[in-house]
Amino acid sequence: MPNIPADLKYTKTHEWVRVEGDVATSGITDFAQQELSDIVYVEVTTLNATVKCEDPIGTIEAVKAVTDYYAAVSGEVIEANESLKDEAQKCNQDPYGKGWIVKIRLSDPSELDGLLDAAAYTDLVARSEHH
Amino acid sequence: MAKKTPFYDKHVAAGGKMVEFAGYELPVQFRGIIPEHRRVRSTVGVFDVSHMGRLEVSDGEAEPWLNHLTTNDVTALATNQAQYSVLCYPDGGIIDDLVVYRLADRFLLVVNGANSTRDFAWLRQHASPGVKLENVTEETAQLAVQGPKAEAVLARLSSVDLSAIAFYWSLEGEIAGVPALISRTGYTGEDGFELYFARENAAEVWDALFEAGRAEEIEPIGLGARDTLRMEMKYALYGNDIDQTTNPLEAGLGFVVKLDKPEGFVGDNALRRVNEERPRRRLVCLEMDGAGIPRPHHEIYAGAEKVGAVTSGTMSPSLNKGIALAYVARRHAKADSALEMDIRGRRLPATVVRPPFYKQGSRK
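Here the protein sequences line up with chains W and V, keeping their order.
Quick note: the first sequence uses our numbering, first residue 1, plus one each step.
Quick note: the second sequence uses our numbering, first residue 1, plus one each step.
Because the hints were derived from the structure by calculation, they are not lab data.
A portion of the hints provided could be inaccurate.
Stated by the list, open to error - Covered stretches of chain W (chain V as the covering partner; in silico rule of three or more C-beta atoms under 8 Å from a C-beta of chain V):
1) 63–73
2) 77–84
Unchecked claim - Residues of chain V placed beyond 12 Å of chain W at every Cβ, according to the derived structure:
3) E36
4) A76
5) A104
6) W122
7) N135
8) A208
9) R281
10) D289
11) A309
Said to hold, decoys possible - So these bits of chain W aren't anywhere near chain V, every CB distance computed over 10 Å:
12) V17
13) N48
14) C53
15) E87
16) D94
17) R105
18) D113
19) A118
20) T122
21) D123
Virtual Cβ for every residue (Gly too), placed ideally from N, Cα, C.
Chain V with its partners taken away, still in its complex shape (with noise of 0.2 Å):
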């Protein structure tokens, strides 16, 4: 039985078609995805993300304990800053992919919903004495207000100065009263918010966010969307273009990986390996030249030889032609690479593009 997120009956009102979403009841759309990706894109539009699993880790060890668990610098997060990192398996696969918040008196890390069990009970096999985890996933609830208008929406309801809050960087405050917490961070390529709060507040700072976004026109944002904003910029979807089988580095996250940290990580050796013969493959951003549009698993071809697969794929609505990520060998995976996309049989011309495929997002 799915769960419910504590927005499920305000979704249910706005007209949403629910799926089954990692476990929870969750609106794939709305209105339909592509006013809802043009929302978002052109004003603001708001995510339930409740869904993705948050775990707080606190105690004199957290820091080093978790700098040996992800692959990013922990010791280089300032107090209300967060970063983009990576759990990694010995072998360098990838567990998941994460964000990591130092908070006054804790770390709070935000992890994919459908792996948010796995995850815990990885870290919990990691446990040491100094280190205390506690997963607040059901005791609270999780918004990302995105587009270029969300500041000014957010300001109305906001006890504290947004424009101090940079990209991923956060601040403990309230929203509509409520004491949350505000990070200047998304999943769209939009300039944007989080919002992180006591699930028992979730009706009235969704009401209040609803009614002071009204001149902006502020909407709800399914599932749907979410999937085609985040492909536009390239972000990487766990389950779709990274999973125990890929690893950070050929999935172009190596800015996240920090193989000279000094007391070494977990999957570092493996990691080190990858980099010293260079990865064999690449997940890149196709973009269709002509007609067809890319779905994963369909097939790339330079010539008669296959170099590889789309692991995510769709219309791009901003660019209004077909895009895909997909793993190809490394010697085609340079920007402007002529390609054949096998769609369903028939070859279509496709070219590697420097991502993102969006440009004028307004992520700052």
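Just chain W, same shape as in the assembly (with noise of 0.2 Å):
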């Protein structure tokens, strides 16, 4: 079983989230980076750009395959995670700590009411593993 810690959110889309004051970070989760295996490459093509819940802000390269990454809330994407240029592996390596892919500021917190929490997301993840 993955690695789903109790005090993130989750998206359906398999980001996590973790709020300080109005400003969301966000990644993959380790079950994500799982499934994608070998990331070499991830790209944010929305720094500084106001972005809506569930819009791609950008991709990930893993070896085998490419996919979109989400916002996981509206706001102000403020920060992408520059060292992943280099070491995109943190992704895999520490999805929850070093391998953290943008910060946004909010600009609706009452989204992250509809958002997961660790059960429900622990509920999402063992049914995708029973397909």
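Starting from the two chains in their separate frames, assemble the complex, guided by the hints.
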């Protein structure tokens, strides 16, 4: 079973969110990095842009596959993790820490209530693993 | 329901992420594609390739019969020698690519797992009184032991002198006391061997290999790294780079098409015509100049003109850049041609390079 920290919020598209003040840091979950494996390239195409929740805001390339990365919340993309340019594998090694992908300044904090908690996300992953 | 190879339990025990491939449950990866790829390039890895189809052909007319159905020259094979070859339809389209072994009393054909049923049906359709055909896939196992240390590790288990087996030759001997056909062949660009033996001996050969290769940090390797390793060598993969809509000449397999065989072969007239008119397109190696990872079906442009499409693409773990195999119009297929790859709507520069991408392989 992948690691699913209890103190984070999650999306159905396998992003995690950690909120501090009005800033949400997000990345991909341990389940997502296991599924993708061997991440070699992370690109955020929306730095400094205002994005809506569920918008594609970048791409993640693994050796075998490419996937869109979605905004977990609405707001302004104030920072992208520069260190992933050279070390995208941090998303595999430390998805909830050094592998964070973007920081978004929340425009609508009430959206957070619509995200999954760890228990709901655990159910989602369990269903995905059993197809 | 997918079948299991005789190594299924070993893969699961080793943490393999299992997927269905060619009708079998096989590991796509264990530790990760990149570390597994590097393991094979640096020391030695073991691939379960038991899903490949293994067909035996014997009796008096076997040689001329095979020579008629395959593009390469079977008469040139000495006993224990192997050759890469192609099965074609009369129109020159590729049914499958394969390895043909001439053994003391029979030929062994090793074909793609996903095609083995169709291949076997095709061969059956051409059945001939002096030829016996037997599908031995399910009663045999096949492992590939690949990497610069493959010979050193296997020598600890082998009853025969491996240094006496040249590239694309084989010997019948024993591995860990188990009777096996041992050939110096592979799909990685590294030195290495493939082993064929009875299915019931699978576990003991597997265990002996991993014990013998401990100092070299031998590891099981999944389908993911098998694919990145072969792509770095421009080895074609059936279903991606070659299929019944492609011919072996445009695919760069002209070296195994012997148009001058006196008795001819299935597809020869069509291929002679392609040869005279020259292929309109060629399978080439493309390297990205900068960022971007090509994927199958990405389109290739020269200015505004679409000149080709990717058939296989990946991040190359050895070169650390995006690479692709692609069919490109002949006039753009020369090495150093500067082209553009359409990667999800963005045109990124790519250059045609001479094969293989990876030139430091230990293959003998």
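Structure-based check of each hint:
As drawn, the segment 63–73 of chain W meets chain V at 3 residues by the rule of a beta-carbon pair under 8 Å; at three or more, the given contact holds. Counting residues of the segment 77–84 of chain W whose C-beta sits closer than 8 Å to any C-beta of chain V gives 0, which falls short of three, so the coverage hint is violated. Against chain W, the non-interface label of E36/V is violated: not every CB pair exceeds 12 Å, the least being about 9 Å. For A76/V, the requirement that its beta carbon stay farther than 12 Å from each beta carbon of chain W is met, with the minimum near 39 Å.
No Cβ of chain W approaches the Cβ of A104/V within 12 Å, the least distance being about 42 Å, so the stated non-interface status holds. Against the 12 Å criterion, W122/V stays outside the reach of chain W, whose nearest CB is about 31 Å from its own CB. At roughly 31 Å, the least C-beta separation between N135/V and chain W is larger than 12 Å, which holds for a residue marked as non-interface. Remark: the non-interface label on A208/V is consistent with the geometry, its nearest Cβ contact in chain W lying 29 Å away (cut-off 12 Å).
At roughly 26 Å from the closest C-beta of chain W, the C-beta of R281/V stays outside 12 Å, upholding its exclusion from the interface. Every CB of chain W is more than 12 Å from the CB of D289/V (nearest about 15 Å), matching its label as outside the interface. The Cβ of A309/V sits about 17 Å from the closest Cβ of chain W, beyond the 12 Å cut-off, so the non-interface label holds. The claim that V17/W lies off the interface holds: its Cβ sits roughly 26 Å from the closest Cβ of chain V, which is beyond the 10 Å cut-off.
With a least CB separation of 20 Å from chain V, N48/W remains clear of the 10 Å interface cut-off, as annotated. Listed as a non-interface residue, C53/W keeps its Cβ farther than 10 Å from every Cβ of chain V; the least gap is roughly 22 Å. The claim that E87/W lies off the interface holds: its Cβ sits roughly 13 Å from the closest Cβ of chain V, which is beyond the 10 Å cut-off. Taking the minimum C-beta to C-beta distance to chain V, about 15 Å, the non-interface status of D94/W holds against the 10 Å cut.
In this structure R105/W is separated from chain V by more than 10 Å, as the shortest Cβ-Cβ distance comes to about 28 Å. The claim that D113/W is not at the interface with chain V holds, since no C-beta of that chain comes within 10 Å of its own (minimum 33 Å). For A118/W, the condition that its CB be more than 10 Å from all CB atoms of chain V holds, with the nearest at approximately 24 Å. The claim that T122/W is not at the interface with chain V holds, since no C-beta of that chain comes within 10 Å of its own (minimum 20 Å).
With a closest Cβ-Cβ approach of about 22 Å to chain V, D123/W is found to remain outside the 10 Å limit, as its non-interface label requires.
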